[in-house]
Amino acid sequence: MATDKDGGQNALADTLIDIVSIQEGDTVLYLGFGSEENVFFAETKTGPKGQVIGFDISMDMISLARCAATEKNLRPQHVVFVQATPRSEFPILPDSIDCIISTWSTSQLIPDIREKFLSEIFRVIKAGGRIVLKDTIAFPPIPESLRAKLVADAAYISDVSYVHGYMELKDSASVIDTLNGKHDVNPSIFGIPSEQAVYYSFHVEKPRRGEELHDQLSRPETALRDWWIAYPAPSSNVPSLDCDDVATLVKNNEEDYVVIDVRRADYAGGHVRGSEQRPAQTFYNELPGFHQTFREKKHVIFYCGSSNGRGPRCAKWYQDYLNEVSDTHSKAYILSGGFKEWKKIFGSDPELVDGSDE
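Residue numbers for the sequence shown follow our numbering, so the first one is -1 and each next one is one higher.
Check before you lean on any hint, since a few could be wrong.
[As the list claims (entries may be wrong)] Using 27 Å as the maximum straight-line C-alpha spacing, the simulated DSSO-like pairs for lysine-lysine come out as follows:
(1) 295 to 329
(2) 249 to 295
(3) 342 to 249
(4) 314 to 338
(5) 43 to 70
(6) 70 to 314
(7) 338 to 249
(8) 329 to 296
(9) 296 to 338
(10) 295 to 338
(11) 70 to 47
(12) 314 to 342
(13) 296 to 249
(14) 314 to 295
(15) 329 to 249
(16) 314 to 296
(17) 329 to 314
[To be verified] Beta-carbon label-pair distances, calculated as ranges:
(18) 86 to 240: 38 to 48 Å
(19) 108 to 235: 35 to 45 Å
(20) 252 to 65: 32 to 42 Å
(21) 234 to 68: 18 to 28 Å
(22) 240 to 267: 33 to 43 Å
(23) 55 to 284: 26 to 36 Å
(24) 250 to 327: 12 to 22 Å
Source of the hints: derived by calculation from the structure; they are not laboratory data.
For clarity, every value in this text was computed on a predicted model and none was experimentally measured.
Where a beta carbon is used, it is the ideal one built from N, C-alpha and C, also for glycine.
Whenever a hint applies, use it, and build me the whole structure from the sequences.
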């Protein structure tokens, strides 16, 4: 159960999580998670093979949630917190989410933004996925006579404007089993006496993509479009070293440096001789142990294929960590041009290149 000083809000979260029927191994997207404890509770349902992604509009909230997750040893890509808004494209792969819980109120969005928001939800949900959506109204509820008429078409609908949006969504996304029941929320939960909220729960039927027919074992490690947004953006400025400078260190068998290859599956053609491999995708989670291993090295030199993405990102993360722990002995560097430039200059020179296929 989600626990927090706001007991009512977390009781609501528990209810929504139960309604959406999270299964072990599911990938869950929680829009407007409110408290990190809600995401943690969802994680107890998915188990270690699932993924829970929490979106919030506040970067401060994201930072606090990430710290709390680290304390619980819940790390990306298993549990992820990302800044996002209902007005932006979700940084999520299509057809990758099993369950969506949204506390972002659709009725508070202007029609164009609401349409985009709902389209994004149905872009990322899998065929057969489960969704719980929130709608909030700040005026008296629709009379029962009118509500009964609306129920015949779209189950439990909170206001006329949403009926139109919902029916358009239903037509465009082939939504079936629109609602499994109505779920009224006590207005006091939100602290606005005049507010009322309604939640819609439904399953989704849409055409299956060919690549979606793969089995569970072959699905991506993360539903995020860009894996690195699960982590804090690095802030340090890190200098680059030319290939010739690093080659001098390698040839002279210097003891105060280490070269780190952050590629994972794209290292065909070899690597810098003597490199240590630390895949970028898991590097941030391993920073304390990495520092413990290499803290005596004055020069910690990172590279990837071209040193345009993963290499610089990991170098900056490491320098951020060094600054955080006040370590001025070790320093991060980037191998300019990455392994492509290294291979271009040194070919298959056995003194400088390991594992070359030439």
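How the hints compare with the structure:
1. 295 to 329: holds, 8 Å
2. 249 to 295: holds, 17 Å
3. 342 to 249: Holds: residue 342 and residue 249 sit about 18 Å apart, inside 27 Å.
4. 314 to 338: holds, 21 Å
5. 43 to 70: Holds: residue 43 and residue 70 sit about 16 Å apart, inside 27 Å.
6. 70 to 314: holds, 25 Å
7. 338 to 249: Roughly 19 Å between the alpha carbons, so the hint for residue 338 and residue 249 holds.
8. 329 to 296: Measuring from Cα to Cα gives roughly 6 Å; hence the hint holds.
9. 296 to 338: holds, 25 Å
10. 295 to 338: holds, 25 Å
11. 70 to 47: holds, 17 Å
12. 314 to 342: With Cα atoms ~25 Å apart, residue 314 and residue 342 stay inside 27 Å; holds.
13. 296 to 249: Since the Cα atoms of residue 296 and residue 249 sit roughly 17 Å apart, the hinted pair holds (cutoff 27 Å).
14. 314 to 295: holds, 16 Å
15. 329 to 249: holds, 21 Å
16. 314 to 296: holds, 15 Å
17. 329 to 314: holds, 10 Å
18. 86 to 240: 38 to 48 Å: holds, 39 Å
19. 108 to 235: 35 to 45 Å: holds, 41 Å
20. 252 to 65: 32 to 42 Å: holds, 38 Å
21. 234 to 68: 18 to 28 Å: Hint holds: Cβ distance 20 Å, inside 18 to 28 Å.
22. 240 to 267: 33 to 43 Å: violated, 20 Å
23. 55 to 284: 26 to 36 Å: For residue 284 against residue 55, whose Cβ atoms are near 30 Å apart, the range 26 to 36 Å holds.
24. 250 to 327: 12 to 22 Å: Between residue 250 and residue 327, where Cβ atoms are some 20 Å apart, the hint holds.
Checked against the numbered hints given earlier, the structure breaks only hint 22 and satisfies all the rest.
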